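Engineer: Join the two chains into one complex using the hints; note that each chain is given alone, in its own frame.
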Amino acid sequence: MTNSVIPQTLAAQSAALAEGQFSSVELTQHYLERINRLDGQFNSFITVCPDFALAQAAEADRRRAAGENSPLLGIPYANKDIFCTKGINTTCASRMLAQWQAPYDATVVERLHAAGMVMLGKTNMDEFAMGSSNETSWFGPARNPWDTNRVPGGSSGGSAAAVAARLAPVATGTDTGGSIRQPAALCGVTGLKPTYGRVSRWGMIAFASSLDQGGPMALTAEDLALMLNAMAGADRRDATSIDRAPEDFMADLSKPLSGLKVGVPSEFMDAGLSPGIRACVDAATTTLQQLGAAIKEVSLPHAGVAVPAYYVVASAEASSNLSRYDGVRFGHRCENPVDLADLYSRSRAEGFGEEVKRRILVGTYVLSAGYYDAWYRKAQQLRRLIQQDFVAAFSGVDVLLGPTTPNTAFALGENVADPLTMYLSDIYTTGVNLAGLPGLSMPGGFVDGLPVGLQLIGNYFDERRILQVAHQFQQHTDWHSRMPVAAE
Amino acid sequence: MSLSTTDLLRVARLARLQIADHAAETYAAQLSGILAHFSLIGEINTDSVPPLAHAIDAVGRLREDIVSEAVDRDQLQAGAPLVENGYYLVPRVIE
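Going down the list, the sequences are from chains L and D.
Here the first sequence stands for residues 0 to 487, where the numbers follow numbering that gives the first Met the number 0.
Here the second sequence stands for residues 0 to 94, where the numbers follow numbering that gives the first Met the number 0.
For the record, the hints were derived by calculation from the structure and aren't laboratory data.
Derived coverage of chain D by chain L (criterion: at least 3 residues anywhere in the stretch with Cβ under 8 Å from a Cβ of chain L; other residues may be distant):
| hint | stretch |
| --- | --- |
| 1 | 14 to 22 |
| 2 | 26 to 37 |
| 3 | 45 to 59 |
| 4 | 77 to 88 |
Just so you know, these numbers come straight off a predicted model, no measurement behind them.
Where is the CB? At the ideal position from N, CA and C, for every residue including glycine.
One chain only, chain D, in its complex shape (with noise of 0.2 Å):
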């Protein structure tokens, strides 16, 4: 099991993570480690097995579909590292 600096690259473009070029390779050489350690559980027979999402059983609760919590926007936004007028700020999206 062994992930080049590309592969690496590539994942981290789909987490949205910055990677430096130098740094990818240490990190590469890192995933293919554990990853290699990893692959031994492909070695147990799985076939028929289904996958267990969750350990216990439970059922969802429902309840009534009535207002529950009362949100104050300017405390919610409080600890936004950017905003006006009750908005989020980004880089523009739309020339």
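Okay, chain L solo, but in the shape it has when bound (with noise of 0.2 Å):
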């Protein structure tokens, strides 16, 4: 079997299994053989676990051959190690964590594997997913398949560069401030964030958890509509994922886009923007307006602060989520502790790495008496401030367009000195986590030979809607299916 023969969808894939035109044995091999082959330059994956997946090829393929046919049934995918995985270490790429293994499956990942799902292994991030470069990760900065001297964004870099080097066909994320969207953009592949609660967050290891959201990562819209029916859902043991009736994600996939209104926040487009990225907004404005969509110009008067907004709260909520680990029921603890605060003090400063130390420090700060009013607080009507913007800007229209990052993908190195300048990488998605709307990045065109990525915001619980916009914008550009040369 040749690469040739194995098409890169999950779509296609799926088709291809059903057809009989290759087993989820071979399929999974295939995807190993490409890891094993390619990914010492990129540094995707923390732990690959061949025997597992092969295991659960083998017991895809029994079900196919016993009569089942779902969409996902013996597809592999690169699963973030952020969510907790029974028998396989989940590290959060921090050392804390760096040899834990959960006693249970997050409800994603039992949703995925119940829908016949191939785990090929665990993805590289930024530490606890804290940061927008990966370089944060214990285990190696994960690097960009389009420049392997440029970041692949964070957090979720691992699972971006893992699909965009055709090392898996989708992988998971999760997103507290923009870190599925953003290596999505920074790396050339798709990514949804959906609406705050669509996903269950049991067993994804929190960071924020009123922003934190798992969601898909692929080549195309029309995979993360196919993973997003297997991932979404209520889920009795997270009390804030949302109780609402079943959707299919592929319904409105097909519809053509006109009479569609899309906003473009003017704000998104102003001076930070680089006048490459600004161009291929443009450009797909005038493609969205040729497939029949309205285009209007309209106002998030508060996305200026967002990025503050967003690290005041997120920082604090990250200060007391951080707090369990201790040294004592799980991950990493000191040598010979003296007593109990040294138990504590020093298990955690050898544990955590310096973002999250500073992150800790940032909340615990803000949350800390005499300046609660002045941060947290303050920070908490900002975001309410933030979210009116957006309700008010879906009044006029269906969908938001602009761009998902300022830039396109940094050398590795060039921000690691200077945190503030990295926060700012996180402008254009920040604001979406804060207002808990859907949000989606695709490709939409290169500068300098690194891809662009464009940012789709929908209005609450409207993810068809999303993917809807960017599966016609994906049926009249190609964009999305660009591969990088070291991905060959």
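Structural biologist: See below:
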């Protein structure tokens, strides 16, 4: 079996499996061979689990032989190492959990495996999902398949790099302030952060609980819809998961865009945006107009404070969530602690990396007596204003379109010494998390050989609409099917 | 917005995070820079804006008060750094 007969998208592989062109075991072996041969240059996986994957693939083939046929049956995927997996390490890319195994599967993992998916391994990420470059990983940075001297973005950088390099057809990601959309943009893949509460957070290691949301990453919007069909749904073990009637996210994909109203936030198109990316957004609006959509300028007046409001809220929640790492119940423990305080503070100092410590410190500071009102409460008030901006914008348009990031992938090491510059690469994505809206990034061109991401933001629970717009766009463009040379 | 190393070490103690004295200066400088930039949030008038803790206005769901998960203590403690006879071991707290 040669590469040329293996189609690249989940949808095409699903059809080929159904026709018996190849088995899930053969498809899985194809990806394991590619990971083995190519991932040395990308470091997109922390753990590869060939035996586990081949056993799942054999089981999928048995299910198919017994007459079962569902879209995800026998399809391999790469799983972000933030989702708990029983029997396979879950590290969150931290020294703190470098050897840890969860006693259970996350709900997302349970659902994907019940649907017959095959887990190839666990992907690299920023430590505890805190970062926009994948450089904070205890296991070393993942690299961008379009230029291995550049970052893949973060925090779901390993998942984005793995999909871009065709080391997996699809992957899971999580997005707290842009962690699915930003790496998808920088690696030239398509990624979806669903509405907050769509996908269960149970077994997804917590960073900022009111913002965290899991979602799929893939080559096409159609593949995202197939993944989301399995991932979404209420979960009694996550009290914030939303109980809604099940939907088919494929339902609207092929509907035409005539009559669609697309808003372009003027604040996303200002001086901070690189001219090359601006040109890609402009070209995309032209394409959408040709497909029957009307383009309208809208305003999100508080977009400029989204990053600070986000970092205050996210760091505050992180400082609270990460208090569970105490050197007692799980994770890293220091040698010879003299007393309990020493056990806590030294285990945490040794187990956490620099960026995680910075966020814990910022979060503890903004929650501490005397600073709470000026920082945490203020940020939550701004959160409401940011949400109201989006609600006002959606009163006149169906979706928002803009850039995902202000720049293309930056060089490894370029922003490490300056945390603030790194934070500002999330300038167009964090507001979406604060408001809890669904957002998608899809390839929209190249600048100097590096991919550009276009961001589509939908109204609450309107994933079907942004998937439809992205699918229609991808029927008329080929940016999403471009493949990095290093992956050949 | 500036954070002294004393402020920094106080926050680190609250967070149960050991920070070496020489590193405290670096963290204090970095945090001061970050907070100085973030202080622009203070310029926006938010009088009478209620804080938003959660984007989705969901109501907590209730369930029957029955046992739903069987906890296997051995399995749960398999990932703990130090356990004995089903107990987590910590340094002596009471002499």
